[in-house]
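*Asks:* As a plain string of letters, each chain reads:
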Amino acid sequence: MTTLLLADISKGALGDSVAKVLTAAQALGEPVNVLVAGKDCKAAAEAAAKLDGVAKVLVADDAIYDHQLAEPVAALIVSLASGYSAIVSGATTSAKNIMPRVAALLDVMQISEIIKVVSPDTFERPIYAGNAIQTVQSSDRIKVITVRTAAFAATGAGGQAPIEPVAKAADPALSTFKDEAVASSDRPELTSAKIIISGGRAMQNAENFKTYIEPVADKLGAAMGASRAAVDAGYAPNDWQVGQTGKIVAPQLYIAVGISGAIQHLAGMKDSKVIVAINKDEDAPIFQVADYGLVADLFTALPELAEELGKIGR
Amino acid sequence: MKIIVPAKRVVDYNVKVRVKADGSGVELTNVKMSMNPFDEIAIEEALRLKEAGKATEVVVVSIGPAQASETIRTGLAMGADRGILVKADGIVEPLAVAKILKGVIEAEQPGLVILGKQAIDDDSNQTGQMLAALLGWSQGTFASKVVIGDGTVDVTREVDGGLQTVALKLPAVVTTDLRLNEPRYASLPNIMKAKKKPIDEKTAADYGVDIAPRLKVLKTSEPAGRKAGVKVKTVAELVAKLKDEAGVL
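Chains as they are written, first to last, in my numbering: chain E, 197 to 510; chain B, 329 to 577.
It should be emphasised that the hints constitute simulated quantities derived from the structure, not laboratory data. What you are looking at is a predicted structure, and each value in this text was computed from that prediction instead of being measured. Treat the hints with care, since some could be wrong.
With a Cα cut of at most 25 Å, we get these calculated DSS-like pairs of lysine-lysine [claimed, not checked]:
1) E:Lys312 to B:Lys344
2) B:Lys555 to E:Lys476
3) E:Lys390 to B:Lys569
4) B:Lys571 to E:Lys469
5) E:Lys374 to B:Lys559
6) E:Lys476 to B:Lys473
7) B:Lys561 to E:Lys415
8) B:Lys382 to E:Lys507
9) E:Lys469 to B:Lys344
10) B:Lys473 to E:Lys374
11) E:Lys374 to B:Lys497
12) B:Lys569 to E:Lys507
13) B:Lys555 to E:Lys312
14) E:Lys415 to E:Lys235
15) E:Lys507 to B:Lys559
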């Protein structure tokens, strides 16, 4: 049997998550076919074919797959499913939208956000915001799995997989795309960034993110994130939210500024390699997970940080 | 239009759960239980649609033990009209929940189903999508805005890059994200009134659904811990440590 990997694509390019999902997919021990579904997605298909260990790239290039709407993409996957023992994807918002629909149509129970493949039918996944890890065994004939990409290393390049077109499936015609507000930025994606600097409620407003966080992020080439409190207050856009129900990240360096450290936030970043906390309140729970803590007012510490980074050539 | 809101009874979001020493699960005795916060947002949205004249009735459905009726009462106190409790003990997986809800929906014929995007206990994020699949309905997940039109609903979704708006054919399933609204508190008179509102009792068998789990939980363990590190006194010391000790700069 074979594993089918649904590739994440955005604006026609292959998502950074795919190489990491591939590592998890290969741990299932079967050949891996990658499905690229979208409109004008030739470049993404070619990028997928270059990943090491991909058996075949399947391309469904059609206007109905533009924007990866759940109903048509799920119908496509179900039309292909009979030849597969597992269907996997990264736990991106796109796959979280599509994959449970696939699982229900196949009458199988999805295994969400795995962090480890114990054996081809047994997986570890976090529950309760990561406060417990469950080991689950699936008896379903087809395993439908989403992968927490922060838990897996990326597979390298070096492959030369053949690319094959696949026929589109009937369009359920239940929904249409209207518009999107997607911020374009030169910064790295939160989920693949090596360094992240996040701000919390103590930032006080959106302007302060720009004035205080951004110069440090620029010096570090870092992605910018935020706590739920900061997003709810409108200081930062929703796609910056790090936490249990936002993005799960595990960069080399995570700098939490003015974030108290609610368990829901810690769930999204506690697997970072090095955690720095800057907070005025020395009893803030964030210090319990931080490798380096600085008790200081962020409005004086951040400009100093930008300056010190400048001194070491960042 | 009738709106159905499924709501789950979960460990309160403020509780830090503990893993049982024998690895058989998490400690749930004497732990505060509440309505899943995302489902509260779903009820609030349904009530706002009713108040705006877009909906006629809001029905809260909960699947779980007898105590899940408290979860339904919470929804009724917020302003929902009536409840349906589908009694089921033990773990009911999202697929089984979706199958039971399909049965409820076929009986109730709502025009819209609104529910939380995920429950904060198992963090699965599956039920709404599965329900839409089983019904053959459209789905609008992770909603931050819901606008009812003529035979359609526009849902603005929180996605990785920002926001996406889709138009769904009604009937539809919508799952809520955090920014959709801020749920109201139930007033004392409404809490009293809620005690008189009807709750129908059903079982999974009434809908012909087998709730035997598909996933076998082999064990539950503590996550790898993280120790607190050191406090630094100055920004210069911090940068030096990150550069020389941690090697991340």
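*Asks:* All hints are to be evaluated individually against the structure, with a verdict given for each.
*Replies:* Each hint tested on the structure:
| no. | hint | in the structure |
| --- | --- | --- |
| 1 | E:Lys312 to B:Lys344 | 23 Å, holds |
| 2 | B:Lys555 to E:Lys476 | 20 Å, holds |
| 3 | E:Lys390 to B:Lys569 | 18 Å, holds |
| 4 | B:Lys571 to E:Lys469 | 14 Å, holds |
| 5 | E:Lys374 to B:Lys559 | 50 Å, violated |
| 6 | E:Lys476 to B:Lys473 | 35 Å, violated |
| 7 | B:Lys561 to E:Lys415 | 22 Å, holds |
| 8 | B:Lys382 to E:Lys507 | 60 Å, violated |
| 9 | E:Lys469 to B:Lys344 | 23 Å, holds |
| 10 | B:Lys473 to E:Lys374 | 13 Å, holds |
| 11 | E:Lys374 to B:Lys497 | 13 Å, holds |
| 12 | B:Lys569 to E:Lys507 | 14 Å, holds |
| 13 | B:Lys555 to E:Lys312 | 22 Å, holds |
| 14 | E:Lys415 to E:Lys235 | 36 Å, violated |
| 15 | E:Lys507 to B:Lys559 | 22 Å, holds |
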